[in-house]
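Can you make the complete structure from the sequences, with help from the hints?
Number of protein chains: 2
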Amino acid sequence: MEQVFTYLVPVLGIIGLIVMAIKSAWVTKQETGEETMVELAGHIAKGAMAFLKAEWKVLFYFVVIAGIILGWSGTLVANSSWIIAISFVIGAFLSAFAGYLGMNIATKANVRTTQAAKTSLKKALEVSFTGGSVMGIGVAGLAVLGMGSLFIVFYNMFVISTGGDVNGDAMATALEVLAGFSLGAESIALFARVGGGIYTKAADVGADLVGKVEAGIPEDDVRNPATIADNVGDNVGDVAGMGADLFGSYVATILASMVLGREIVSNDNFGGIAPILLPLVIAGMGLIFSIVATSFVKISKETDSVQAALNKGNWISILLTVGASYFLIDYMLPEGELVLSRGGSISFTKMGVFGAVVIGLIVGFLMSIITEYYTSMGKRPVNSIIKQSSTGHATNIIGGLSVGMESTVLPILVLAGGIYGSFMAAGLYGVAIAAAGMMATTAMQLAIDAFGPIADNAGGIAEMSGLPKEVRERTDILDAVGNTTAAAGKGFAIASAALTALALFAAYVGLAGISSIDIYKADVLSGLFVGAMIPFIFSSLAIAAVGRAAMDMVNEVRRQFREIPGIMEYKAKPEYEKCVEISTKASIREMVAPGAIALLSPIIVGFVFGPEVLGGLLAGITVSGVLMGIFQNNAGGAWDNAKKSFEKGVMIDGVMQYKGSEAHKASVTGDTVGDPFKDTSGPSMNILIKLTSIVALVIAPHISETPHGTVSEVEKVEIKKEITYKDGKKIEKVEKIVIN
Amino acid sequence: MEQVFTYLVPVLGIIGLIVMAIKSAWVTKQETGEETMVELAGHIAKGAMAFLKAEWKVLFYFVVIAGIILGWSGTLVANSSWIIAISFVIGAFLSAFAGYLGMNIATKANVRTTQAAKTSLKKALEVSFTGGSVMGIGVAGLAVLGMGSLFIVFYNMFVISTGGDVNGDAMATALEVLAGFSLGAESIALFARVGGGIYTKAADVGADLVGKVEAGIPEDDVRNPATIADNVGDNVGDVAGMGADLFGSYVATILASMVLGREIVSNDNFGGIAPILLPLVIAGMGLIFSIVATSFVKISKETDSVQAALNKGNWISILLTVGASYFLIDYMLPEGELVLSRGGSISFTKMGVFGAVVIGLIVGFLMSIITEYYTSMGKRPVNSIIKQSSTGHATNIIGGLSVGMESTVLPILVLAGGIYGSFMAAGLYGVAIAAAGMMATTAMQLAIDAFGPIADNAGGIAEMSGLPKEVRERTDILDAVGNTTAAAGKGFAIASAALTALALFAAYVGLAGISSIDIYKADVLSGLFVGAMIPFIFSSLAIAAVGRAAMDMVNEVRRQFREIPGIMEYKAKPEYEKCVEISTKASIREMVAPGAIALLSPIIVGFVFGPEVLGGLLAGITVSGVLMGIFQNNAGGAWDNAKKSFEKGVMIDGVMQYKGSEAHKASVTGDTVGDPFKDTSGPSMNILIKLTSIVALVIAPHISETPHGTVSEVEKVEIKKEITYKDGKKIEKVEKIVIN
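Going line by line, the protein sequences match chains S and V.
So the first sequence is numbered by our numbering: it starts at 54 and just counts up by one.
So the second sequence is numbered by our numbering: it starts at 54 and just counts up by one.
Just a few of them, taken from the derived set where beta-carbon distance is under 10 Å, the chain V residues facing chain S:
id, residue
1, Val562
2, Ala575
3, Ser677
With a cut-off of at most 25 Å between alpha-carbon atoms, the simulated BS3-like pairs for lysine-lysine come out as follows:
id, chain 1, residue 1, chain 2, residue 2
4, S, Lys440, S, Lys697
5, V, Lys175, V, Lys354
6, S, Lys712, V, Lys718
7, S, Lys718, V, Lys712
8, S, Lys265, V, Lys440
9, V, Lys631, V, Lys99
10, V, Lys718, S, Lys718
11, V, Lys176, V, Lys82
12, V, Lys638, S, Lys440
13, V, Lys265, S, Lys440
14, S, Lys432, S, Lys712
15, S, Lys99, S, Lys626
16, S, Lys638, V, Lys440
17, V, Lys82, V, Lys171
18, V, Lys786, S, Lys786
19, S, Lys718, V, Lys440
20, V, Lys175, V, Lys365
21, V, Lys718, S, Lys440
Think of the hints as simulated: they come from the structure by calculation, not from any bench.
Ideal Cβ positions, reconstructed from N, Cα and C, are used throughout, including at glycine.
Following this line, the structure appears as structure tokens:
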């Protein structure tokens, strides 16, 4: 069975990619509409590609240099190999390729959605959601294919061909080399998410400050030189950034589960590797069920709820995955007790493992709805900000900050409960499997997420092309749903990042050859403090970067209005590409410092202070990163919707207030503050916590306290203890017999 | 020697209190000036007393109920006693009394400083700083007297009279009962700091919003009904709140050092209790040197620098303490190695202990100057906010948030270095002694801190009484210095809280009978997550409370302007006491929820999940609380000074901008957001992290994993290990001989 299931995984990945190609072709052959639309969409697509190319150039050097260092370092310790460099390059390449696929389809689907919106809402949803599905299925397909095939190669290379132990060093080496894939993927995600986040907000804030405020022209107006950059930003940040983020999480959770699975001695029909193989198979299966579920996302008439259609698809994918997981786990794992000796050495059964999958899915679900509650219009949190807008800018800000901080409570309790519950269910393997379970439907989640910015872009194109009102109304319906799913998606992304980081953390401890991370030790506690500080400086840098880049944008837009006569009268075209270039350059430049912190801090701490202090650092980064992520995402989301509420008018102390009122102006301040919070620094926390963990995992064999990187073994021991007293001295005799 | 030194401590405390009484009498006999001034000062004093009385009423019930529970629970375990209730009540009483002394002298010194400012700056400084000294010396004197005398009582009661072991359970019980004193003190600090913080900002924001913005009258105008409440707030928040905070830190650091000192087997001339006695003696000595140093704080002519005079006094107190500590430690502690077996069991010499004292003083000094850098006018951080004010409210806010987050980096590195260094110097005892060293000059620190609000009040009275311009100019000089010392004082307070919490944390682990806090265990990690979230919800509640209370104040002020004709023409007096009452009621009401979180969360987690998970919770609260404290304090301070910079005019992009410009308006928004940050939620973090730790310490014997609360013993062991292989099995034989 081992062979069949091992080879099944990449096959599932290939099936996914075929489906993706079919859906992609379908989108491409949809109508694009009149010339103006095509021209504008062309500008956006060109701008997006320009960003990708600029990013790739930097990434190329980074990947080459990091790859060489990795490959060289892989030869230094027993439990690694130079092949990790190849694994790393493939991971980086596939992640970049996934970003390309997503951007490509999104910049095609946007204009086709606009065109479809001329006909009906049904058709517009079909085009935009299919576009999103291409992204989701593509990302998941590439991950499953990549991880699945590399596992086959490394398993054969390091374990089977050497006759090595599937629970021992041989498999540890295979998985360490596979970790390179994850590192590659997450490194690209760093650039995509942080760079993309800076790009999109620099363009957005820059476009708004001069366009809306100074020139008094509406959003998405063709006369605004920064408007194309703004629309490119939606693709760069929300499509490519989110895609790379989830690609990274997806890969990392699978990897972490596999690393922990190795430590389970399993008497199964899969050559003892069922616990290692299981997360791969769950991922492949989740991909297929996500594909099935996408076909349920449709509406039949104009008045149907788009949100309900998306929810239906989401639920179907989750329920199918739960059901199938049950049979899969029951089939693959052996009867009786499974033991993972580390982390308190609890034993569990295969139904415990299934329980962990369910817990993971529940955590993901709860995180999404809590995020939705804190950022939705009409709910208490957003209403409280609206009310506080009536007394000015300052109280609006105070309200948003307060809401953001408050919004950390439930997610943290859910997360803590999830950690505790999945650990009780199946030990540390359970924590990792919970993450893997949660990520199983990534294809569906990402399809829903990517649909939002496509609809947003479609609305922008409708506005810029001056299409009839009902077209914009239809895209606005989709856009509004997209805003809600974006908030929920952020909740899902941070939850997945948190569980992924914890799973990696658990895997790291094993590979680093330590058995505890005792914060009662002064150096480990210092590591915890420094780690917890890193999300603060990372956020500070990201926010400040947006400020600086937006300034550049403002100056450029002002220059164009001044130097190119006739823009305001539609007589001359603004130089869109100049603004695109500014955003591109700024984002590439500004992501270096935060990126360096994320990559280097674990390396420095690990080599200088050792693996246990690094463990403290990771815990600090994870805990504080999750909190700062939730705080910033939700504060930003709540401010955004508080501002949006004024469009329909809101009742404050018995008086209706609309756009243009003083209260509305205060709410715009909150929204502007929230922009970098929710789209740059907040989502960057996901990458920060995952990347530092994966870096730690990769360097683990190098800093291991056990010589030659021997991982702690699974021991069954018999301990005899005898305490006697002689001459007033207490004598303890301990005899430990290792029997496995 | 034991007797002499033990009895010396309370004597030093009494000397301090005598000096305080003399200085207090000197202040009281200074001139109070004309009738208007006396009347206004009377309103402020009355308002302050009204707050104290309202607070005491709530506290009375709290102390009675908590005391009964504590006393009852003290009878349940071996390592405690019902007497802890008495200890608790005394701690609460002395803390409240210290607050009363401070408020009393501050509300006398304010008007006398105004009067003195008519003569000269020299005289004004003399009066205001002497007022501050009364507060500082009083707080330290009460703490030294209280801790010193109770230690004598409990040492005799539980150790000497029972012939118990000074390193064993007998002394553990004595110190556990003494911990009640610290719990009492810190509980009062909670109410004083959080309640005071809400009070002062509700009054401040309320007074500004209606007075300055709506009615267009200047700050501190007698026509503003909330102006008295605003001035009361300075006393309630900055004097009583800060005083209670530092009183709590002072007591807690001494206690934690004593608890850890018990675990050192010391062959000294003090009956083996030198390590326990040392922190008490250092505190007493620091008090005396602080008194000596206060006499150096003076200027001789108008143009002398007030800041330099304060710095001089501060440095003298620190240097005298360092010098004396050297001789004291050399005299008291024995030669040779000292061993504290827990936390990695490192051994150290007495010079290591002296090193820890020095490290503590350096950490305190560095924290102060870093805070000053991030919040001072003319430095990069504040300048960056000024620059970003030119593009509006939103960019001003983004700038301040970014500065606040960035400002966590250096303090955390200093703190982490301090923890690491003091641990290397003298193990966990070193961490506690570093905190005690830092707090040794509390009397001086607090004198400098309390001088600020006195000067602030003096300026308010000058303004309200319509005194000549040069009087206000002199008080303004003092006020400006007070703002700087307030920022530095906040840095010192958070650093002291952090080190105190860590020392308590170390002490807690010993009493809880656990040997590690392993965040690699899922439940402990969950505890860490939940703990790290608590500062977020605590801040959220505190900020929201200020918002609500300020609203009440705004409505009341509006009502008075509407219903009392002639206020604006000085024909009718506003009902000041109504506003005072609103602030008082709101602060008492709003502090319940955060207070309950701080008190109950460690109790619930400790009893439900056990001591190690509680350890995780404490670590989470401490790490995240320190970060949130620094972030909020510094962001608030920087916003404040960015706004103040506009008064003299600032150059932005080559253009001078003054008060009233758009950029200035944006800076006012930042200042208003920063108000609750820097004066309510930020400083509350100190109390939160200390109080949760002290609660944990008090409940430690109840949740201890060792039956009957036996603390881990100091063991000297000889370990023989033999590893053999037989039939392919590894057999380890360990023989441990305990020789002490």
